[in-house]
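J.: Work out the full structure, taking the sequences as your base and the hints as a guide.
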Amino acid sequence: MTIVQFLVLGAAMFSFGVYGVLTRRNAVLVLLSVELMLAAVNINLVAFDRFLADQLAGGQVFALFVIAVAAAEVGIGLAIVLLIFRNRRNANVDDLDLMKL
Amino acid sequence: MTFTDWVAQAENYVFLAIAIPMLFSAWRVVASQNVVHSVLYLVGALAGSAALFLLLGSEFVAWTVVLVYIGAVVVLFLFGIMITRAPLGQDVELSQPLRQRLPAAVVSGSLFLLMTGAMFDAFGGDVIPETEATRTFDVGISIFERWVIPFEVVSVILLAALVGGIVLARRDPDEMTEEVVSESEEVPQ
Amino acid sequence: MNIDYHALAPEIILALTVVAVLVVDLLPVEKFWTAVVGLGGLFLSFIPVLTLGFCESLEFCDDTGVRVLFGDSYVVDTFSLVLKGVFLGGAFISILLSVGYLESDRFWQGEYYFLLLSSALGAVVLASSRDLITLFVGLELVTGPTFLMAGWRKGDARSNEAALKFFIIGVISAAILLFGMSLVYGVTGETTFTGIRLASAGIVDQPLFTMGVVFTLLGFAFKVSAVPFHFWTPDTYEGAPTPVTAYLSVVSKAAGFVGLLVLCYLAFAELRNIWGAALWILAALSMTVGNLIALKQTNVVRLLGYSSIAQGGFMLVPFGAAVTAGASPAQLEDAFFATVTYLLIYAFMNLGAFAVVIAVRNRLVTAEMDAWGGLYNYAPGLATMLAIFFLSLAGVPPLAGWFAKLVMFRSALSIGGGWAIALAVIAVLNAVIGFAYYAKVVKAAWFDPIPEAIPADELRGRSIVPSLQFALGLTVVAVVLLGFFPDVIARLGDLTTGFVSGF
Chain A
1 MTIVQFLVLG AAMFSFGVYG VLTRRNAVLV LLSVELMLAA VNINLVAFDR FLADQLAGGQ
61 VFALFVIAVA AAEVGIGLAI VLLIFRNRRN ANVDDLDLMK L
Chain B
1 MTFTDWVAQA ENYVFLAIAI PMLFSAWRVV ASQNVVHSVL YLVGALAGSA ALFLLLGSEF
61 VAWTVVLVYI GAVVVLFLFG IMITRAPLGQ DVELSQPLRQ RLPAAVVSGS LFLLMTGAMF
121 DAFGGDVIPE TEATRTFDVG ISIFERWVIP FEVVSVILLA ALVGGIVLAR RDPDEMTEEV
181 VSESEEVPQ
Chain C
1 MNIDYHALAP EIILALTVVA VLVVDLLPVE KFWTAVVGLG GLFLSFIPVL TLGFCESLEF
61 CDDTGVRVLF GDSYVVDTFS LVLKGVFLGG AFISILLSVG YLESDRFWQG EYYFLLLSSA
121 LGAVVLASSR DLITLFVGLE LVTGPTFLMA GWRKGDARSN EAALKFFIIG VISAAILLFG
181 MSLVYGVTGE TTFTGIRLAS AGIVDQPLFT MGVVFTLLGF AFKVSAVPFH FWTPDTYEGA
241 PTPVTAYLSV VSKAAGFVGL LVLCYLAFAE LRNIWGAALW ILAALSMTVG NLIALKQTNV
301 VRLLGYSSIA QGGFMLVPFG AAVTAGASPA QLEDAFFATV TYLLIYAFMN LGAFAVVIAV
361 RNRLVTAEMD AWGGLYNYAP GLATMLAIFF LSLAGVPPLA GWFAKLVMFR SALSIGGGWA
421 IALAVIAVLN AVIGFAYYAK VVKAAWFDPI PEAIPADELR GRSIVPSLQF ALGLTVVAVV
481 LLGFFPDVIA RLGDLTTGFV SGF
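As they're listed, the protein sequences go chains A, B and C.
At the far end of the first sequence sits residue 101, using the numbering used here, and the numbering has no gaps.
At the far end of the second sequence sits residue 189, using the numbering used here, and the numbering has no gaps.
At the far end of the third sequence sits residue 503, using the numbering used here, and the numbering has no gaps.
Calculated from the structure, these hints are not laboratory results.
Honestly, I wouldn't trust all of these hints.
Stated by the list, open to error - Distance windows between CB atoms, simulated:
id, chain 1, residue 1, chain 2, residue 2, range
1, C, Arg158, B, Ala17, 48 to 56 Å
2, C, Lys443, B, Pro97, 43 to 51 Å
3, B, Leu23, C, Glu30, 55 to 63 Å
4, C, Pro455, B, Leu162, 39 to 47 Å
5, C, Ile12, B, Met82, 39 to 47 Å
6, B, Ala105, C, Ala157, 41 to 49 Å
7, C, Asp448, B, Ala105, 49 to 57 Å
As the list claims (entries may be wrong) - If you want the ones that stay clear, here's a sample from chain C, every Cβ over 10 Å from chain A, calculated:
id, residue
8, Glu59
9, Ile172
10, Leu178
11, Asn299
12, Ala422
Claimed, not checked - Where chain C lies over chain B, by a calculated footprint (3+ residues, C-beta under 8 Å):
id, segment
13, 34 to 42
14, 148 to 159
Just so we're clear, the structure is a prediction, and the values are computed from it rather than from any experiment.
Backbone N, C-alpha and C define an ideal beta-carbon position, used for all residues, glycine too.
T.: See below:
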């Protein structure tokens, strides 16, 4: 197995995530796309870790931290979405004028 | 490693068997017109990444992905969608209209090509060395000797997310004063 | 394994305080006490920062110089200590600003202080992190709780919107940052900054490495709200509760800058032409766009939001000037010093400005500039402090902001070269624009007539909440004294530069 095959897969997942972030209108779906980007990061990290034969397993540890932090962020995000939903009955991002100057 | 060597290696077919469904799932996550389908396709993409980690010999990370991501995060997403009664029907437009999707596709597509080029330039056909699978013991030692500070910090992040999330997500009784709220376990709906 | 507990004492005390606040919140006492515990904890954790800083002159202290822990990944040096001091001080003043504000709104106070202190703990960890993993996790602890705090006014749609927008931008930028970090790790095979710098010497020209660095910087550009990654800032600042905005614009922003400083000057030291060029553009855009839009604002909080974008641009000027190829180590140290100094002074004056806004808003309810007319007539003390902070932000001597701008220009001009000079010229033009809108607020408060709707006679002589008085006192003294005696801050800044000498 070459390292590049994993990296290209990671790059593809990341690009899908970017596409999702740019096109989705609903906050939960944007968050899902971000999860794809983070999955790409984990693929990169673990593949690099094995490629470098890192004695400290730095890439794998990094991936574990990314997973833990992502879990916390999803919790925070869904709490905010729930809050908004209660007040406004929808969670669409483009009602929020995200790009307003 | 040349392309002929690559084709001759059996592992690479396993890789393709995992990677191609993963890419399809990833595409459906961002393109599906049904919120629940999107979440379920995310399970596919994440399960694929866990399988790749096993293939790479990184077992602990693989099972953590299964337990934390697929077991907890995805369930949380589904809960979020059910509770907020997100648009479940096929008819609701979940993505931007096509004239905004096209530039987004161009951006992410060129990003992909740019990255792929840089990756081949940096590593070419370099092979991942055949080593024994990482022992969970070694990962643990490295977390608790080298990265113990981030480990502790992550515990505070999770605690903060928990406490803050509960405060934001719970329903405040509008007419009641704070004293009454803190005394009553059951918040009237 | 031997752990240097003295070096970790500030973090440990703060972590215990975080838990203590939650426990006190459970007890059947006034919620006010959670704030007291938080303030006490911040003060206590400031003590080991001092003992570590003045270790050589203390008898009981085992002076080991720079303390390097956990295999280069965590370093306690004078740079990190100065910034820990700033973060602790910033969090202290933010709590003081929150006390009166929260009581007026019946918030979830215990949880609020818990989140604020957790975030401050993240900033304190961040100041010492010299490793990609520690840096990332620290940064997430700084921002994670602030997403929640931005939405703390639960019934207010603007506050909800602020939280969601801030959150979405925050997670996207974290994902981009992480992707960059994963590439940097893969290309160099290291996670520590020293390791990355050593490994990077041979691969400076590799496109994948450049890509990793650029992604990492992009992630930070969101965090420090540099133009064109700023669009979340004004809405979040306006929608969030005002003390949270003060915290975001000072501690959270400073944490982003600290991350940028250590990454650029340590990890990516060999790639100065890349980050220098990228940050040159961000600096020029942030100053110009931030200031031009601030000119049009009528709401003081929103104005401060854009002003903080522009001030962030000024802080980036020394980074951008460092792009000049011939810059010597001494000049780079000067650039580093300039950013740190600007950050220190900005923290005090911006917190002070927000303290004034909160105090005025407590009386007038609104932050629209029109309603602030004639403030001097019925609240001369507040109007004076408003003038002090806003003119300091504008850089009028002899207030502290003047010294910040001076060192910033000095570093850009001393590095020289066409690009650095061009950036300095842009900065001068922007300082002039900045003066226009800061002065506009001061003019409204001092010389404009009192609007009809404002019951000036009722408001006359109304007193300010004691905690707010304390916060105003601290910041006013800091801004005025540092303006007259810039040596103090210069000395603190000097302490931090030993850091760059590894060049």
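J.: Hint by hint, note whether the structure agrees.
T.: Now for the hints, and whether the structure bears them out:
1. For the hinted restraint 48 to 56 Å between arginine 158 of chain C and alanine 17 of chain B, the CB-CB distance of approximately 50 Å keeps it satisfied.
2. The hinted window of 43 to 51 Å between lysine 443 of chain C and proline 97 of chain B holds, with their beta carbons roughly 47 Å apart.
3. For the hinted restraint 55 to 63 Å between leucine 23 of chain B and glutamate 30 of chain C, the CB-CB distance of approximately 57 Å keeps it satisfied.
4. Distance hint check for proline 455 of chain C and leucine 162 of chain B: the Cβ-Cβ separation is about 45 Å, which falls inside the suggested range of 39 to 47 Å.
5. About 41 Å separates the C-beta atoms of isoleucine 12 of chain C and methionine 82 of chain B, a value consistent with the hinted range of 39 to 47 Å.
6. A hinted range of 41 to 49 Å for the beta carbons of alanine 105 of chain B and alanine 157 of chain C is inconsistent with their spacing of about 33 Å.
7. Here the CB-CB span from aspartate 448 of chain C to alanine 105 of chain B is close to 52 Å, well matched to the stated 49 to 57 Å.
8. The claim that glutamate 59 of chain C is not at the interface with chain A holds, since no C-beta of that chain comes within 10 Å of its own (minimum 38 Å).
9. Its beta-carbon lying about 6 Å from the closest one in chain A, isoleucine 172 of chain C breaks the requirement of being farther than 10 Å from that chain.
10. Distance to chain A contradicts leucine 178 of chain C as a non-interface residue, since its nearest Cβ pair spans about 4 Å, not more than 10 Å.
11. Even its closest Cβ contact with chain A, about 14 Å, leaves asparagine 299 of chain C beyond 10 Å, as expected for a residue assigned away from the interface.
12. Even its closest Cβ contact with chain A, about 26 Å, leaves alanine 422 of chain C beyond 10 Å, as expected for a residue assigned away from the interface.
13. Coverage of the segment 34 to 42 of chain B by chain C is violated. Counting CB-CB distances below 8 Å, 0 residues qualify, and the rule asks for three or more.
14. Judged by the Cβ-Cβ criterion of 8 Å, the segment 148 to 159 of chain B is covered by chain C as claimed, because 9 of its residues qualify and three suffice.
Hint compliance for this structure: hints 6, 9, 10 and 13 are not met, and every other hint is.
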